[in-house]
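Residue strings, one per chain:
2 protein chains.
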Amino acid sequence: MSDAIRGLQLRSLIKTSGELEISLLEVPTPEPGPDEVVVRVEATPINPSDLGLLTGAADLSTVQVSGTRDHPVITAKVPEAGMRAMAGRLDESMPVGNEGAGVVIKTGSSEAAQALLGRTVAMIGGAMYQQYRCLKVSECLALPAGATATDGASCFVNPLTALGMTETMRREGHTALVHTAAASNLGQMLNRICLKDGIALVNIVRSAEQAEILRKLGAKHIVDSTSTNFMDELTAALVETGATIAFDAIGGGRLAGQILTGMEAAINKSGKYPYSRYGSNVHKQVYIYGGLDTRPVEIVKSFGLAWSIGGWLLFPFLMKIGPADGQRLRQRVVDELKTTFASHYTKVVSLAEALDPANIAVYAKRATGEKFLINPNKG
Amino acid sequence: MSDAIRGLQLRSLIKTSGELEISLLEVPTPEPGPDEVVVRVEATPINPSDLGLLTGAADLSTVQVSGTRDHPVITAKVPEAGMRAMAGRLDESMPVGNEGAGVVIKTGSSEAAQALLGRTVAMIGGAMYQQYRCLKVSECLALPAGATATDGASCFVNPLTALGMTETMRREGHTALVHTAAASNLGQMLNRICLKDGIALVNIVRSAEQAEILRKLGAKHIVDSTSTNFMDELTAALVETGATIAFDAIGGGRLAGQILTGMEAAINKSGKYPYSRYGSNVHKQVYIYGGLDTRPVEIVKSFGLAWSIGGWLLFPFLMKIGPADGQRLRQRVVDELKTTFASHYTKVVSLAEALDPANIAVYAKRATGEKFLINPNKG
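Taken in sequence, the protein lines are chains A and B.
Position 307, counted from 1, in the first sequence is what numbering that gives the first Met the number 0 calls 306; the numbers after and before it change by one each time, with no gaps.
Position 235, counted from 1, in the second sequence is what numbering that gives the first Met the number 0 calls 234; the numbers after and before it change by one each time, with no gaps.
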């Protein structure tokens, strides 16, 4: 163990006292087991799903920085109201980072592990915000020749989430879908999938600029929730597409309920169903998979009783469809890595730079079009 | 057709002008077809589910009465905000009344129809708020000897809804359940079913008086949502019972979300699951089947992503389980009509009295313990 590789690892800790602490530790890298490899992490994105663990329920207007330039320590207060949801992680220093990519620099004894030596791989499995990650071969995906770590950094979460949406649509008997925050990296991916697969997609955005981004990408149905005619425009798009399932990244305010109201209005406009005071029998589904709007979800019910709003999360979805279908989705991601599933980043930062309050202030906003990439081995 | 029986029928009409009109028409009773019977309706309840059709979205503070003592006409304004949901029924005069009971006075030629002559039957199928109802034998349920029309008036909606809840609980893999507005007629029924079947039931009520009603009926878990310790008491009951599915008649405000929050807290307290910032993997379900609170549903999300809130309605449920299982549930209702499925009524009114503004003001409140029964043939 004397030649153990040591590297920096980002840790997030929420203390019982109500304080968030983010710091960088120097940790030894475990020796790879037979079916494991050690990867030098070169690219790992800050996804909204990472921010939940990274900053938790902390009030980021209270951020303080201490420590040194190379080993900064960020602290912030967690409001009392947010502490209930933090109960399960109190006083536990947690590594962060769902996915990433890098180069295999050491392998275990198995043939599968050795085959990866020197290869650039995409990785899933958490704790990616560190310089060296030891993980199982099954958690790696070898990238095709010519693909860089940056190309492969976001191979799992966004691509499989977007594919999971069209899969869920089909499996639950719908034929078209609605997506909110639709100009996001994920939304652009979903738009490319739907164009390619011939699926009608209603893109809901929150500004004229976002509408323009999607229009340039060839999106056919774009509705701006800030428009004064939003409900009419949404209903018209729902009539045209027949969408009865939505995936909502906003997860707060009235939007989810408005989508259900629009779907019911579109169903009634179709003239296919007799009046029932309970509303139509057509099941209308909204899945909330994000929380860009942290306000409560407010549902003004005016869409009968054939409806459901629920949480949707990638990993339970993958468990539900099983390994064979999961592999089919992964293969498609690799096959279309630089086209359908290409990601774009605003800024590449080192681990220490990721703890710079000026950067935190930008990426923690989760603004559409602002996506950071960490390169833990950035010189 | 000259000897057609004529009788009064209640009609509800919402005009494009935004006015509700409830009136009594004298209508001829159709001749029964071979598989039909004519029933003299003697008891038909005003369920919350009937009120939706009876008064629609009208503002009942604007009720006006005109017409004569025997043929009163009620009018009220429908606020503009409510008119969208009324679109499907505009300018269509609609009969009302989901279920009822009475005596078969005329039959069609089939053996099954003739066998019912003189029998007291329970009925389902709408348009029960009238003196004579012609309907199919399959929409009737012959009551056992000794059972009156009043005993059988509420044979379908409440009993099958209550049984539908425990059936849904089992079919969706839960082992205990939560019910709101739990001291209602339906709630008392559900409590009796659960006591009899050994199912743990968390009864949520809205006052100490309602808690007392259930306590006297032997309910084991009663939580009062007006208690200052409501969330702690709810969570404790959820820990004890392990309930992960709820049926909510309130359908407005924060209660549905609070139930999910309590379930997640109970799951975390069980200590069976590791921390995940996405919350536990245990699916938590709230079905909204009523709208006693007409405010929007407000969901403060603090229970991860394994959750769903959706509408639940008896008739789609019965279609889903199919005729054989439906028949099994109906048979249980008949077998336990005077025990498990007994209903209690505050007041028995004639059709004209049902249109008395003083009565409307009481039954339209949908208050727990205030249930009206119409006897269209009351002298």
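Please note that the accuracy of each hint is not assured.
Identical copies carry no separate label here, and so any pair may be met within one copy or between two of them.
[As the list claims (entries may be wrong)] Below, a list of computed lysine-lysine pairs in the DSBU-like style, where the Cα atoms sit at most 30 Å apart:
no.	residue 1	residue 2
1	Lys215	Lys195
2	Lys105	Lys346
3	Lys14	Lys271
4	Lys76	Lys135
Derived by calculation from the structure, the hints in this document are not laboratory data.
Q | Violations among the numbered hints, reported as their numbers in ascending order | A | Hint check: 4 fails alone, others pass.
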